[in-house]
Amino acid sequence: MPIELPNAETLLARMVEQIRPDLSERTALVGIHTGGAWLARRLHRQLGIKAPLGTIDVSFYRDDYGSRGLHPRPKRSDIPFDVESADIIIVDDVLYTGRTTRAALNELFDYGRPGRVDLAVMCDRHGRELPIGARYCAFTLPQPLPASRTLRLSRDATGTLSLRLIDA
Amino acid sequence: MRNPQLNKHGELQHLLSLDGLPLSILGAILDIAAPFTEVAEREIKKLPLLRGKSVFNLFFENSTRTRTTFEIAAKRLSADVINLNVSTSSTKKGETLLDTIDNLCAMQADMFVVRHESSGAPYLIADHLHATGRDHIHVINAGDGRHAHPTQGLLDMYTIRHFKKEFHNLIVVVVGDVLHSRVARSQLAALTTLGVPEVRVVGPRTLLPTEVERMGVRVCHDMNEGLRGADVVMMLRLQNERMNGALLPSPQEYFKVWGLTPEKLALAKADAIVLHPGPMNRGVEIDSTVADGGQAVILPQVTFGIAVRMAVMSMLAGN
Numbered sequence: 001m002p003i004e005l006p007n008a009e010t011l012l013a014r015m016v017e018q019i020r021p022d023l024s025e026r027t028a029l030v031g032i033h034t035g036g037a038w039l040a041r042r043l044h045r046q047l048g049i050k051a052p053l054g055t056i057d058v059s060f061y062r063d064d065y066g067s068r069g070l071h072p073r074p075k076r077s078d079i080p081f082d083v084e085s086a087d088i089i090i091v092d093d094v095l096y097t098g099r100t101t102r103a104a105l106n107e108l109f110d111y112g113r114p115g116r117v118d119l120a121v122m123c124d125r126h127g128r129e130l131p132i133g134a135r136y137c138a139f140t141l142p143q144p145l146p147a148s149r150t151l152r153l154s155r156d157a158t159g160t161l162s163l164r165l166i167d168a
Numbered sequence: 001m002r003n004p005q006l007n008k009h010g011e012l013q014h015l016l017s018l019d020g021l022p023l024s025i026l027g028a029i030l031d032i033a034a035p036f037t038e039v040a041e042r043e044i045k046k047l048p049l050l051r052g053k054s055v056f057n058l059f060f061e062n063s064t065r066t067r068t069t070f071e072i073a074a075k076r077l078s079a080d081v082i083n084l085n086v087s088t089s090s091t092k093k094g095e096t097l098l099d100t101i102d103n104l105c106a107m108q109a110d111m112f113v114v115r116h117e118s119s120g121a122p123y124l125i126a127d128h129l130h131a132t133g134r135d136h137i138h139v140i141n142a143g144d145g146r147h148a149h150p151t152q153g154l155l156d157m158y159t160i161r162h163f164k165k166e167f168h169n170l171i172v173v174v175v176g177d178v179l180h181s182r183v184a185r186s187q188l189a190a191l192t193t194l195g196v197p198e199v200r201v202v203g204p205r206t207l208l209p210t211e212v213e214r215m216g217v218r219v220c221h222d223m224n225e226g227l228r229g230a231d232v233v234m235m236l237r238l239q240n241e242r243m244n245g246a247l248l249p250s251p252q253e254y255f256k257v258w259g260l261t262p263e264k265l266a267l268a269k270a271d272a273i274v275l276h277p278g279p280m281n282r283g284v285e286i287d288s289t290v291a292d293g294g295q296a297v298i299l300p301q302v303t304f305g306i307a308v309r310m311a312v313m314s315m316l317a318g319n
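Going line by line, the protein sequences match chains Z and U.
Here the working numbering is used: position 27 in the first sequence is 27, and no number is missing along the way.
Here the working numbering is used: position 221 in the second sequence is 221, and no number is missing along the way.
Misleading hints may appear alongside valid ones.
To be verified - Result set (DSBU-like, lysine-lysine): computed pairs, CA atoms no more than 30 Å apart in a straight line:
hint	chain 1	residue 1	chain 2	residue 2
1	U	K256	U	K75
2	U	K45	Z	K50
3	Z	K75	U	K75
4	U	K53	Z	K50
5	Z	K75	U	K53
The hints are simulated quantities; they were obtained by calculation from the structure and are not laboratory data.
Being a predicted model, the structure only gives us computed values, none of them experimental.
Given these sequences and hints, build the entire structure.
In structure tokens:
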């Protein structure tokens, strides 16, 4: 059955409205490469967050490194604010098994001890393998996706975001 | 023929030499090293990639910088590091190299970092591991005889790319004792693979290997000519300890003709960078004014060396 995916720009606007009431002086955003970093950049601007935007690549913290090896092109993580006591929102495009979030949490704590950490995702596709949930989530798929399908955020030349389903 | 450095999937299994290493793998190591440089700026300078792995530093020849940076790299990757100063232990009692290796394998070694005065010793170990069905154990050559010092060559390439961005428009000069230098061999192999259009080697005839031109380099026996218009000047250490007999009149004479002084460096491009693998002989191959000057990138080389070694170790352990 074909799955109707909502417009990513609409979902982004929904995320902005979900997060806005909880903003404080200590709020900082950290986007997970690559889709989460795009989203975080947009959220950061639209929410007018003062702390500079952080981005992380969790390649060095993945739990499947032993079986799959190192990602061939890891990106540089960049946390340009003091993590100590900050209220951090980790931003990712899709929440699936929760393993990426676990890796991101581990990485974040190597920079310091945050005051609080929340998770914001555009889309929840079900299939959790860890006790992880998103405080902010713009869209939950009505049915879990089969493991053979990948849900991914894309960005075109104009910067417009869209959700795509890719068959393995 | 089987490439002893690659596994059956064409992935890096051991790092033995930059000669014969495909461009794709060389480039991947440099790409992967870049994000590792950021770890040094963190509160907790540790990544979990080699957690639970045992890395044995097997130094059959003395080294401070290389052994230390390998140790730091492995520790930053959370490995357990065991340093064996083999020159003062079991080999003195008559144990063969491969017996030493077998014993360490029995202690569940995952990786060997090997320095040996004999060229080819790390190859011998890699072959032995393959022949005995222990392909899950990795070998990194940390310098073998006059043959190769691949991580030094890699960190030099990383340093060049950091400061010059590209390789395809550079004039790179290697100056000094190429004959005794495993560093130079690794540098020349990497520069050629990375597509540097003009590589020059400069030095006295007695310290350049015969037929060095066959490595695709231009040979200059005049330092001024060699340095003219260069983007990168890679100085080599004069290897007193490897020299038998009278290849040179004296260190003072050498400095006069082949030492890098500010006046000679002025012949290179104004934004040329100067590299040296260390340890430096000030006043022999390099003048202090140059070594401590704004064009020297010798200390960044050391820092990048840690990231490059982290990249190599985590690539190997993941393959």
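Z:K75 paired with U:K53 [C-alpha distance capped at 30 Å]: The hint holds at about 24 Å.
30 Å Cα cutoff - pair Z:K75, U:K75: holds (21 Å)
Restraint status (C-alpha distance of U:K256 to U:K75 at most 30 Å): Violated - the C-alpha atoms of U:K75 and U:K256 are around 43 Å apart, more than 30 Å.
Distance restraint between U:K45 and Z:K50, which requires alpha-carbon spacing of 30 Å or less: holds (27 Å)
Satisfaction of hint between Z:K50 and U:K53, Cα-Cα up to 30 Å: The given pair, whose Cα atoms are some 42 Å apart, is violated under the 30 Å limit.
Comparing the model with each earlier hint shows violations of hints 1, 4; every other hint is respected.
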